[in-house]
Amino acid sequence: MALGLLGRETAARIAVGVAGLGLPVALFGAWQWVHASQPVTLHARMSEVGGWAPEVLRVEAGRPLELRLISDDVVHGFAIGQSQVSPIDLLPGQVVTTTLTFDAPGSYSYYCTRWCGPNHWRMRGVIEVTGPEVNTAAPSPPLYEVLGIDLDAPHPAAVVPQTRPSAARGAQLGLILPEDLTSRDAYASRSPAETWRALRAMPVTETLTDDQVWDLVAWIWRTQASEAALQQGAELFAQNCAACHGEGGSGDGVMASSVVAGTMGPVEATGPADFTDASRALGASPALLHGKISRGGMGTGMPYWGPILTEEEIWILTDYLWTFQFEE
Amino acid sequence: MTRYELTRSPGVRRLLQSRWPQLTVQAVALAGLALVIASALLGTPVGNRNFAIVMVWIAWWAALMLVAVPLLGRTWCSICPLPLPGEWLQRGAVLGPRGRGFGLGLRWPKRLRNLWLQNGAFVLVALFSLPVLTQPRLTGLLLAGLVLLAIALSLVFERRAFCRYVCPVGGFIGLYAQAAPIEVRVRDATLCAAHATKTCYTGSEKGYGCPWQVYPGALNANTYCGVCMECLRTCPYDNVAVNLRPFGADLSEVKGRGLDETFKAVLLLGSGLAYSGVLLGAWSTARLAAANIGSIDWLVYAAGFLAFVLVLVPAFLLLALRAGLWLSGSRLDILRAVRAFSPALIPLGLSLWIAFSLSFLFPNISYIFPVMSDPLNLGWNLLGTAGLGWTPYGPALVPLLTVGVVLVGLAWTSRRISATAESLGGRAGLALPLLTAAFVMAAGALWLLVF
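If you're matching them up, the sequences are chains U and D in order. Under the numbering used here, the residue at position 206 of the first sequence is numbered 206, and the numbers go up by one with no gaps. Just add 1000 to wherever you are in the second sequence, counting from 1, and you've got the numbering used here.
So that you can see chain U by itself, here it is in the shape it has in the complex (with noise of 0.2 angstroms):
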């Protein structure tokens, strides 16, 4: 009897175990070994509490790099700069995994897309893809460096139009401008105000208004972009400025008033830039901003677009923001 008791006794102690300590156990090393092993799991979480964990990941070139994506707190998106691939959104607590395969070495910044919080565009990481080829070759110079513009100096404009430059009526002046002065590389290096100036300096428009002479400046810069690349630039607009620069560009954005309350440095006190405002945008060449936007502000909460976004995009951006000054 006192053996059937202890046998029973055993068994239902086995019983227990297994479902008791076994199973978490059990658990536990599943949980170890997801984790331990491909894919990686990638945590995103708002900048405030961590941005993405890891921060860095490493892979070697041409292997897959198998991720499990998880949001562990509000709707993030992952995706990798200067790349095609479609964002993933990351949705609270819900995995998502992806396969990403890099075919050359190199360092590859991936981000979130989605509005997070105030310090959204924080949230950055980086892909170390290591292989034999290395490419040493320095990369060249961003135009606003062989330049020498100064990104961090003031650039008022010296002057102004009393109205909203209209390339439609630049254009119904049907002059013959020099190339010097319409070309892509004379458009990039000059500002608006500079342009002006010296077209108000040309014999040929002795006969126009100041203003004439801004829809002049307007049709310029109109011509600069095509109506598909506007329309890129307003989507990249939206997607990844509007939230501090305002939908309108005049610096209203829904996050603007957490970047004039950060304390990002002494320039910040202005808050987003706001490209309505003539006397500030006029005085800006496509150069500058161009160089802003791939380098960032630097201490004014204006993030670094560089690693994310490819030089074509940075420039159909740059285009775009003049349709704040010239209308059509």
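Quick caveat, the hints were computed from the structure, so don't treat them as lab data. Among the hints, erroneous ones may be present.
[To be verified] Okay, the calculated beta carbon distance ranges per label pair:
(1) U:TYR304 <-> D:PRO1131: 32 to 38 angstroms
(2) U:VAL146 <-> D:GLY1387: 48 to 54 angstroms
(3) U:PHE28 <-> D:ARG1113: 48 to 54 angstroms
[Stated by the list, open to error] Listed below are several chain U residues computed to face chain D (Cβ distance under 8 angstroms; list not exhaustive):
(4) ARG8
(5) GLU9
(6) ALA12
(7) VAL16
(8) ALA19
(9) PHE28
(10) TRP31
(11) VAL34
(12) ARG68
(13) ASP72
(14) ASP73
(15) VAL95
(16) ARG184
Predicted model, so just to flag it, every value in this text is computed and none were measured. Beta carbons: idealized from backbone N, C-alpha and C, even for Gly.
The hints should help you fit chain D onto chain U, whose structure is shown.
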């Protein structure tokens, strides 16, 4: 009142006396608890995607409030996994009964042999409930902490001191179990009186003495009976029965409630109202404050919550009772009146908690399916339901059910108030203010939950 004895059937009696069925369910519950704590600590911190949050605070709580407590009383306590590790250590066995296990086996301090500690524990948990209900790590720590506390108390004190005197949920279940249509009672109390060894309390080779420190021979309410079936095993005369009975039999049959139990009824009634307002009502400011533990807002919320459940609601009911005494010209002692009328509040309180549970169950039940498929948020899809999105069920049905449940509770409480007034002499006016107070509270709950 009429009863139907379930254990009259030899098959049912054998099933309940056998330790294996109960142990099997306990083992499953323990495995569930282990999974819950593992997912709480290792899974996603996103509440609605975390297995622990969803399964404990949506699935378990709703099952407890909508089915287990109203229909089965304290039956949950007989399989609850929280005290099991401590109890097994204390006994030195999981199946038993065997020799003595570990622990000092001290008696619970006499001054604490009441519900005040549980009342305090409930209020404490209630104050921190919003973060606990939404943050998996806190839920995991709370549950693990309760298991450890139960182990500690089992190793120091005899029997289930944790369940009887500390567990915040236990006090809640115990109070409302009095309304359930099921009970464990002796068939013939005189047989118990004549039984010299009282094995139901002291234990025998067939089972343990009552873990809940209850003498079944004198059991007249479900409040402290954990439905563990030990007395069914140890009674040599098969004098213990499990009965089906009318709903709420304890409310009319038991006299002389302690102040602790009286206060519990009032506390839970007030808490049900407060929860409905803070967690489900339109007061987003209060909800944010309740979530922001340690902030000034939270301190204000905590002070408001405490003032409401500890002062305002008790004072409101006391005032109604005093008015009734004054109106009726009764010379009944106010404390005696409080004790007499408090059980009448139990149906209304239970109905508020059921209504509250209905209101959050239906909108949130769809969260259960994804977490069942991926309990540790590892990207699994065990049941093929991982990708199911949130779907609120029964948006039109919930208000109707809520109104129905609260009205049933109000009607039941009104009937108990009237019957109690009758039993206290039946003077005109005695019940009227309390009936009005019950109506006001029911209307308040409906306003918060439905309108």
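- Taking the numbered hints from earlier one at a time, note which ones the structure violates and give those numbers from smallest to largest. 3 and 16
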